[in-house]
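Visitor: Chain order of the listed sequences is L and R.
As numbered in my numbering, residues 3 to 115 make up the first sequence, in order.
As numbered in my numbering, residues 57 to 172 make up the second sequence, in order.
The set of hints was computed from the structure by calculation and includes no laboratory data.
It cannot be assumed that every hint is accurate.
[What the hints assert, rightly or not] Under the rule of at most 35 Å between Cα atoms (straight-line distance), these lysine-lysine pairs were calculated in the DSBU-like manner:
hint : chain 1 : residue 1 : chain 2 : residue 2
1    : R       : 97        : R       : 107
2    : R       : 100       : L       : 70
3    : L       : 70        : L       : 3
4    : L       : 44        : R       : 110
5    : R       : 100       : L       : 3
6    : R       : 100       : R       : 71
7    : R       : 71        : R       : 97
8    : R       : 71        : L       : 44
9    : L       : 70        : R       : 71
10   : R       : 107       : R       : 71
11   : R       : 134       : L       : 44
12   : L       : 70        : R       : 107
13   : R       : 110       : L       : 3
14   : R       : 71        : R       : 110
15   : R       : 97        : L       : 44
[As the list claims (entries may be wrong)] Which residues of chain L face chain R? A partial, calculated answer using Cβ under 8 Å:
hint : residue
16   : 30
17   : 34
18   : 44
19   : 48
20   : 51
21   : 102
22   : 103
23   : 106
Each residue gets a CB set at the ideal place from its N, CA and C atoms; glycine is no exception.
Residue strings, one per chain:
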Amino acid sequence: KQEVTQIPAALSVPEGENLVLNCSFTDSAIYNLQWFRQDPGKGLTSLLLIQSSQREQTSGRLNASLDKSSGRSTLYIAASQPGDSATYLCAVPRDNYGQNFVFGPGTRLSVLP
Amino acid sequence: EAGVTQFPSHSVIEKGQTVTLRCDPISGHDNLYWYRRVMGKEIKFLLHFVKESKQDESGMPNNRFLAERTGGTYSTLKVQPAELEDSGVYFCASSQDWPMNSYEQYFGPGTRLTVT
Numbered sequence: 003k004q005e006v007t008q009i010p011a012a013l014s015v016p017e018g019e020n021l022v023l024n025c026s027f028t029d030s031a032i033y034n035l036q037w038f039r040q041d042p043g044k045g046l047t048s049l050l051l052i053q054s055s056q057r058e059q060t061s062g063r064l065n066a067s068l069d070k071s072s073g074r075s076t077l078y079i080a081a082s083q084p085g086d087s088a089t090y091l092c093a094v095p096r097d098n099y100g101q102n103f104v105f106g107p108g109t110r111l112s113v114l115p
Numbered sequence: 057e058a059g060v061t062q063f064p065s066h067s068v069i070e071k072g073q074t075v076t077l078r079c080d081p082i083s084g085h086d087n088l089y090w091y092r093r094v095m096g097k098e099i100k101f102l103l104h105f106v107k108e109s110k111q112d113e114s115g116m117p118n119n120r121f122l123a124e125r126t127g128g129t130y131s132t133l134k135v136q137p138a139e140l141e142d143s144g145v146y147f148c149a150s151s152q153d154w155p156m157n158s159y160e161q162y163f164g165p166g167t168r169l170t171v172t
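Generate coordinates for the entire structure from the input sequences, incorporating the hints supplied.
Guide: Encoded structure:
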């Protein structure tokens, strides 16, 4: 059974810092992993999708890496800004066939001005 | 291009009543998913449509929940009769089949259901 954990549960940093969010999953037979952000009362915004054949993806100040063998992914945010404050979620498919995502509990990020 | 839309944004009903949630996926997306988050828990998968067919409904909690996707476009999720534990936020997502094995999911804003 696929289980996803995220560390830390919450993080507060001053503006400008670089930070790393961690995601771990138990079943490494996945074909992709997706990172989302959720603002309070809003839906999920897709940040990055990493295919199983890739090791990392970049979008602007965001960089996500994937290590399937160890069941880990990290989301690196460079030069954090107050607008980055949100909850960050990672999700992986339940198995290597289905598309139904298993979500982690999220990391609540606060970037202080 | 319009994103995934959901209606209503918020619904408050009494226990035992019926509620129908609607989701309009991104145009051209054959895959449509329903998820929900109940208070204090992670987002959980409910079911997955490919066009009008149910590909996976393993996450549906019980037979009080009925999902349909007639014509392979929008989808509805009906809860009948609603129970207190059904309260939560119901999300819809959609994805397309290409590029191959991409399946990047795009989520709607969610419907907040409150059962009193």
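Visitor: All hints are to be evaluated individually against the structure, with a verdict given for each.
Guide: Status of each hint after checking the structure:
no.: 1; hint: R:97 - R:107; in the structure: 29 Å, holds
no.: 2; hint: R:100 - L:70; in the structure: 22 Å, holds
no.: 3; hint: L:70 - L:3; in the structure: 16 Å, holds
no.: 4; hint: L:44 - R:110; in the structure: 27 Å, holds
no.: 5; hint: R:100 - L:3; in the structure: 14 Å, holds
no.: 6; hint: R:100 - R:71; in the structure: 22 Å, holds
no.: 7; hint: R:71 - R:97; in the structure: 21 Å, holds
no.: 8; hint: R:71 - L:44; in the structure: 26 Å, holds
no.: 9; hint: L:70 - R:71; in the structure: 44 Å, violated
no.: 10; hint: R:107 - R:71; in the structure: 32 Å, holds
no.: 11; hint: R:134 - L:44; in the structure: 22 Å, holds
no.: 12; hint: L:70 - R:107; in the structure: 31 Å, holds
no.: 13; hint: R:110 - L:3; in the structure: 22 Å, holds
no.: 14; hint: R:71 - R:110; in the structure: 28 Å, holds
no.: 15; hint: R:97 - L:44; in the structure: 16 Å, holds
no.: 16; hint: 30; in the structure: 16 Å, violated
no.: 17; hint: 34; in the structure: 7 Å, holds
no.: 18; hint: 44; in the structure: 6 Å, holds
no.: 19; hint: 48; in the structure: 6 Å, holds
no.: 20; hint: 51; in the structure: 4 Å, holds
no.: 21; hint: 102; in the structure: 4 Å, holds
no.: 22; hint: 103; in the structure: 6 Å, holds
no.: 23; hint: 106; in the structure: 7 Å, holds
Hint compliance for this structure: hints 9, 16 are not met, and every other hint is.
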